[in-house]
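Going down the list, the protein sequences come from chains U and R.
Sequential numbering from 317 applies to the first sequence in the working numbering.
Sequential numbering from 572 applies to the second sequence in the working numbering.
No lab work stands behind these hints: they were computed from the structure.
Note that this is a predicted model, so its numbers are computed, not measured.
Just so you know, nobody snuck in bad clues.
Among the chain R residues that face chain U by a calculated CB cut under 8 Å, a handful are:
(1) 584
(2) 588
(3) 710
(4) 712
(5) 715
(6) 716
(7) 833
(8) 852
All C-beta atoms, glycine included, are put in the ideal place defined by N, C-alpha and C.
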Amino acid sequence: MSAVVNVNGIKRSGFARMFGLWLPLTVVGGWALVALTSPLLSIAPDHIELTRILAPPGLGGLLGADDLGRSLAERVLAGAQTSFIVAVWVVLVSAVLGTMVGMFSAYLGGRWDRVVVHIIDIFLAFPGILLAIALAGILGPGIENVVIALSVVGWVGYARLARAQVLSLKHREHVQAAVALGAGTGRIVFRHLLPLLMAPLIVEASFGIAGIVIAEAGLSFLGLGVQPPEASWGSMIRDGARYLLVAPHVVLVPGVALMLVVLSVNLLGDRLRDRLDVRNRN
Amino acid sequence: MHFFIARLASATVVIFGVLVLVFLLIHLVPGDPVEVMLGESARPADREALRISLGLDQPLLSQFGQYLGNVLSFDLGTSLHSQRPITDILLERIPATLELALAALLVAVLIAFPLGVMAAVRKDSGWDHGAMAVSLLGVSVPNFLMGPLLILLFAVWLGWFPVSGREGLGSLVLPAITLGSAMAAILSRMLRATLLEVLGEDYIRTARAKGLAPHVVIWRHALRNALLPVITLLGLQLGALLAGAVITEMVFSWPGIGQLIIEAIQGRDYPVVQACVLLISLTYVLVNTLTDLAYGWFDPRVRLGQAA
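Let the hints inform the model, and build the full structure from the sequences given.
Structure (structure tokens):
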């Protein structure tokens, strides 16, 4: 969206810096840290304790327990790992793939470019995560299939962005100069075009992470994500929804975790966009 | 005229591509799709019968030709689960999803307009920041969380609306809000941005200079020009709405296409999955093409290729 006005040069109040930068940075940093170190943390997210079924949050019980008496705190940490792994892999795969396709398509032009444009249009014809839902449903559950399904949907955005950028950049003088000096296609694309693409790509990727976290949780909510007993915030919300009346905390705990991460990533994305001065995001 | 023909041609290519991808979906089933669908205990004769009735014994290209022919004659195959024609099943489910989508659209517009206009008119005020914070929250709360939260508050605690199902107008309220809220958030941001752009134009200054009341300037002069991009966005967002309907229908047990697709996935009724994906995608392509054509019709700059 080209929605948010550029606030470069506007002095932010301490309050805005707190909520626009430091808080989200802490949340995202914590999320990454938990995900990367969780094999070292001695948590037992699958440990069933029948005496603690649906135990409410409290002093000794921390965040309470779910319908099988598993610790919600430990399951939220395990869910953080799931969403982080999926987000990192999907962004990596789709950004690299999409950027390559988009850059070469725009730079080479001609028939190849027309084919790529049609393929992009076809993938964009599947609304939202519908294609991912169908793919994940058909490939079967599991974290690898979630990554595949979301990458198949995800590369298109990067391809379109990279293509549009290269189309407007390829007639620049420094590119023409490189062509005149006899640089090969690969050299021009990677050394002379890619560096200029980095800022918009990073901004796109940062918003992409928020979208993927939601999508992964959505797939898991539908039962198409990770297999039980593995924890995902989405499947925790789904399982908890049955006990909404007696134990709302079972939904609220993973829900708040998900919301905090998504909100923080979005806030940092906004911030990054302002800082890198990227406009005309669509 | 050139614009309209080009737009229709590209829509045709896209529809063809969508058909190819949806057709290929069944070939992505790991292993033998027939075995996956019927289970390992199925008799070999039953398997063979299904293989032949799905055309899976034919070479890929002739399978696709057959699929294309069937789709063109509105024959989407037979559901493995209920043994009924899929077209009939879809026709039963369409009204529920349509109702939900239209209600959600209404909710989105009703929330987004006041919010977006207020934020633009009082730019950089507390109202503006508040409205944008609400919209950021709206994008960040996915509908599978929004749904249970609304159920908890309005159905369980306050008892105003039913928890789930589709009975009467009351049961439509919570699903519509759930599905419409994310769209409202995006729409209000978009509205604010386009309105701010329009408000900077010369003719707005003229309108103000000749002494028109502020609300006349906003509602009559500015909003009218800010509306076109917003309508395009509505068309584009319809896709997110349709995909979001899948999750929303699951949350509220709403008997629409979305619930059907998940039931079909769980029951490994892949022809039904294919049909649902095809229906939703084609609807989306159709609406987008119509939006584009309408846009070209109303705004000559688009038609003549001088897109603003």
